[in-house]
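Q: Protein sequences appear in the order of chains F and D.
Per the numbering used here, the very first residue in the first sequence carries number 1; after that it's consecutive.
Per the numbering used here, the very first residue in the second sequence carries number 1; after that it's consecutive.
These are computed hints drawn from the structure, not numbers from a lab.
Just so you know, not all the hints are guaranteed correct.
One copy or any two copies: either way a pair holds, since identical chains are not told apart in the list.
Each computed DSBU-like pair below joins lysine-lysine, with the alpha-carbon atoms no more than 30 Å apart [said to hold, decoys possible]:
(1) 196 / 396
(2) 233 / 267
(3) 368 / 127
(4) 396 / 328
(5) 250 / 368
(6) 318 / 196
(7) 179 / 233
(8) 250 / 196
(9) 250 / 369
(10) 120 / 196
(11) 396 / 47
(12) 396 / 179
(13) 318 / 267
(14) 267 / 328
(15) 267 / 250
(16) 338 / 179
(17) 196 / 354
(18) 250 / 396
(19) 164 / 196
(20) 179 / 47
(21) 267 / 125
(22) 354 / 396
(23) 318 / 250
(24) 354 / 164
(25) 250 / 338
(26) 267 / 47
(27) 196 / 369
None of the values given here were measured: they were computed from a predicted structure.
So the chains spell out like this:
Number of protein chains: 2
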Amino acid sequence: IHEPVLRDSSSSSLSVDTETLQRQIDELSTFSDTPAPSVTRILYSEKDVQARGFVKNLMSISGLSVREDAVGNIFGRWVGSEPGLPPVSTGSHIDAIPYSGKYDGVVGVLGAIEAINVLKRSGFKPKRSLEVVMFTSEEPTRFGISCLGSRLLAGSKELGQLLKRTVDGQNISFSDAAKFAGYTNNEDFSSVVLEKGTYSAFVELHIEQGPILEEEAISIGVVTAIAAPASIKVDFEGNGGHAGAVLMPKRNDAGLAAAELALAVEKHVLESGSIDTVGTVGILELHPGAINSIPSKAHLEIDARDIDERRRNLVIDKIHQSALSISKARNVELSEFKIVNQDPPALSEESITKATESACQELNMPYKKMISRAYHDSLFMARICPMGMIFIPCYKGYSHKPEEFAAPQDIANGVRVLALTFSKLSVS
Amino acid sequence: IHEPVLRDSSSSSLSVDTETLQRQIDELSTFSDTPAPSVTRILYSEKDVQARGFVKNLMSISGLSVREDAVGNIFGRWVGSEPGLPPVSTGSHIDAIPYSGKYDGVVGVLGAIEAINVLKRSGFKPKRSLEVVMFTSEEPTRFGISCLGSRLLAGSKELGQLLKRTVDGQNISFSDAAKFAGYTNNEDFSSVVLEKGTYSAFVELHIEQGPILEEEAISIGVVTAIAAPASIKVDFEGNGGHAGAVLMPKRNDAGLAAAELALAVEKHVLESGSIDTVGTVGILELHPGAINSIPSKAHLEIDARDIDERRRNLVIDKIHQSALSISKARNVELSEFKIVNQDPPALSEESITKATESACQELNMPYKKMISRAYHDSLFMARICPMGMIFIPCYKGYSHKPEEFAAPQDIANGVRVLALTFSKLSVS
Ligand SMILES: [Mn+2]
Ligand SMILES: [Mn+2]
Ligand SMILES: [Mn+2]
Ligand SMILES: [Mn+2]
Chain F
1 IHEPVLRDSS
11 SSSLSVDTET
21 LQRQIDELST
31 FSDTPAPSVT
41 RILYSEKDVQ
51 ARGFVKNLMS
61 ISGLSVREDA
71 VGNIFGRWVG
81 SEPGLPPVST
91 GSHIDAIPYS
101 GKYDGVVGVL
111 GAIEAINVLK
121 RSGFKPKRSL
131 EVVMFTSEEP
141 TRFGISCLGS
151 RLLAGSKELG
161 QLLKRTVDGQ
171 NISFSDAAKF
181 AGYTNNEDFS
191 SVVLEKGTYS
201 AFVELHIEQG
211 PILEEEAISI
221 GVVTAIAAPA
231 SIKVDFEGNG
241 GHAGAVLMPK
251 RNDAGLAAAE
261 LALAVEKHVL
271 ESGSIDTVGT
281 VGILELHPGA
291 INSIPSKAHL
301 EIDARDIDER
311 RRNLVIDKIH
321 QSALSISKAR
331 NVELSEFKIV
341 NQDPPALSEE
351 SITKATESAC
361 QELNMPYKKM
371 ISRAYHDSLF
381 MARICPMGMI
391 FIPCYKGYSH
401 KPEEFAAPQD
411 IANGVRVLAL
421 TFSKLSVS
Chain D
1 IHEPVLRDSS
11 SSSLSVDTET
21 LQRQIDELST
31 FSDTPAPSVT
41 RILYSEKDVQ
51 ARGFVKNLMS
61 ISGLSVREDA
71 VGNIFGRWVG
81 SEPGLPPVST
91 GSHIDAIPYS
101 GKYDGVVGVL
111 GAIEAINVLK
121 RSGFKPKRSL
131 EVVMFTSEEP
141 TRFGISCLGS
151 RLLAGSKELG
161 QLLKRTVDGQ
171 NISFSDAAKF
181 AGYTNNEDFS
191 SVVLEKGTYS
201 AFVELHIEQG
211 PILEEEAISI
221 GVVTAIAAPA
231 SIKVDFEGNG
241 GHAGAVLMPK
251 RNDAGLAAAE
261 LALAVEKHVL
271 ESGSIDTVGT
281 VGILELHPGA
291 INSIPSKAHL
301 EIDARDIDER
311 RRNLVIDKIH
321 QSALSISKAR
331 NVELSEFKIV
341 NQDPPALSEE
351 SITKATESAC
361 QELNMPYKKM
371 ISRAYHDSLF
381 MARICPMGMI
391 FIPCYKGYSH
401 KPEEFAAPQD
411 IANGVRVLAL
421 TFSKLSVS
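Here chain F stands alone, though its shape is the one from the complex (with noise of 0.2 Å):
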């Protein structure tokens, strides 16, 4: 049995007003800078900025005060009875890699909102308040920083240093872009970071990016842990020259040895013999880039993560050696190869997923216990407050694509979902 926390309702009194949010992602989705069903909406861009207002706005309606960080980290709180003690959080990212789709990240923003709605139109009163973040930047593209926003806000000083020389592919400056987005500071983001105990709890609402619960018709993912990710960025050099001037055997094609580095990843991934190791290669650039000449640079960017981090890292230490061996074999100098990110896996606090078990039987919502492949601001907010995140169902588990679909009806379970498992986090 059951102690209710929503002491002037039911839990079935928690409706959510599915049409309007199905509206609100919608009209989110077309500040975007490639066409429909494509989303691209890259950090401090244009519609970045226009995206931001439309957040803020909702978060204004529903009647949150409305404050924004150095780097444009946004927090709508809802002030609880007891002001003084921390405050639950939840929130997500609404960037979106080039050509992808409209639910991820965005369902953890927009269904946060909604579920304050949900709570003050059930009567609910918090006792801690409530906070709503909306992440800068968890999509890496610009800058090549996974969850920049909440990486700062979880303390990482070296990142605040970074940002003083990072540059994005254009050569502007991360300061330069965060100014035309109207953040105009030239601090060290130190007042970025948040204490350890700022929150009692954060708790992310995201679509699963997996196939799982579409295939086993359930509800609702409990996540218990997020995969470990990192990063990786390589450069090949070597002499190019003329397609068909320059003869075979005087060649050091650096084009070549990208194309084996990433056969390399692949084959270094499915050494590991874990179904848990993934390895990708999501970019490979090519210097000059013109059909009769050969290639004398060659840039790639690896992606690598594993549920276990001595595994992933025993990859990563394959894949460098494969790198300096190809190096070696192909004469072309390996002029970088940096590891940008090599996080550790994050676990969820069980105090949250017991919560979230709680929410889902009270509401009949079957769920189940499952891992994070994807990474997402949760794994940097663990490190200074107990974390949890809920999962809900998407379409053959597409993400990072224009296919990406999360029906309205899951999306309203998770939204139920994360409600009673806030308002349950702000009474304890």
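Since the structure of chain F is provided, determine the placement of chain D with the ligands on it from the hints.
A: Relative to chain F, chain D with the ligands alone:
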């Protein structure tokens, strides 16, 4: 004993204004979209238009009568004493692939104008008219079509049709691009075609783009044949998806298919067993091109050449077989395998090589007969008139990169040999 063809002066009077020519080469190199020492001059770009003006001006200063055709091939004619006879022509290109150098093509255009100046200063009077041609887009950079101007001149009817529906990487049509450069007409380019017999001979001056002349300290290469080039466009398509969430067995990664094909190109070229077979993947592009997204599309452009057409075509067949088997093995769609061009090799005409050899002997210039592994506009001019080429040494054989260099004295040697060859052909 060779009969002198310069009536009013000995061949030793053929003096090149090396300093002015070098200054012109340097000035032309500043019309570039990338910083020095690299040169990037793309067809119909603003810089290309400026460079064209520069060339037309030099032609006018040298007293040539200038005309342009519908695609921007530029002709400067010195009318001979028997203007009814087919003229002798020479020329090359001034477009430059991204991040290349300032000598490829340019030596054969500015050097040809200087050869006219040399002959004028020597008091020579041509019998046949002499014509300097600057060909449009020898490089395939913008529209994927190499030797665009000379192909059209030589009567490629299919190309005229193809151009009507050709677009560049930014989806700008050939017509719109041509219009931007001032070539405004909506025809099928049949006006560009020159009948066989329009010229009595064509001879092109060019840097070797290979190391032989420099290594052997020989001033002049007399080209006997031009290797047969081919180019291929390939597209692979897979399902893409999230780099963390899609497990390895569920992937069909278009990028890895492309990497395998790039290595297969190298393998099949080496299998030919001949030093004369070369193959290059100069372009490899991934979509969407994000570190955390599995490539859903990959685009490759392949260049394959040989002096033996049959052997080169066998390599192309093998590349096609590999593309098919990679597509099958990786469950990736081979959505395009298009042989853009598959040209035969061209042989120089003995009458022209003999004229050039005589010129070298009269000028006491060491020369050697050789093959051109790079293609040139001469490959297509050979379809409508007897053709020959004159090579000069270049630093380490470098071409298509910023380090490309030819010494002023070597250029002057080439100009003298071109002038004398030209004068011989003019009176024959
Ligand atoms: Mn994402
Ligand atoms: Mn996300
Ligand atoms: Mn070239
Ligand atoms: Mn050339």
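Q: Give me the numbers of the hints this structure contradicts, sorted from smallest to largest.
A: Of the numbered hints, 1, 6, 8, 12, 21, 24, 26 do not hold.
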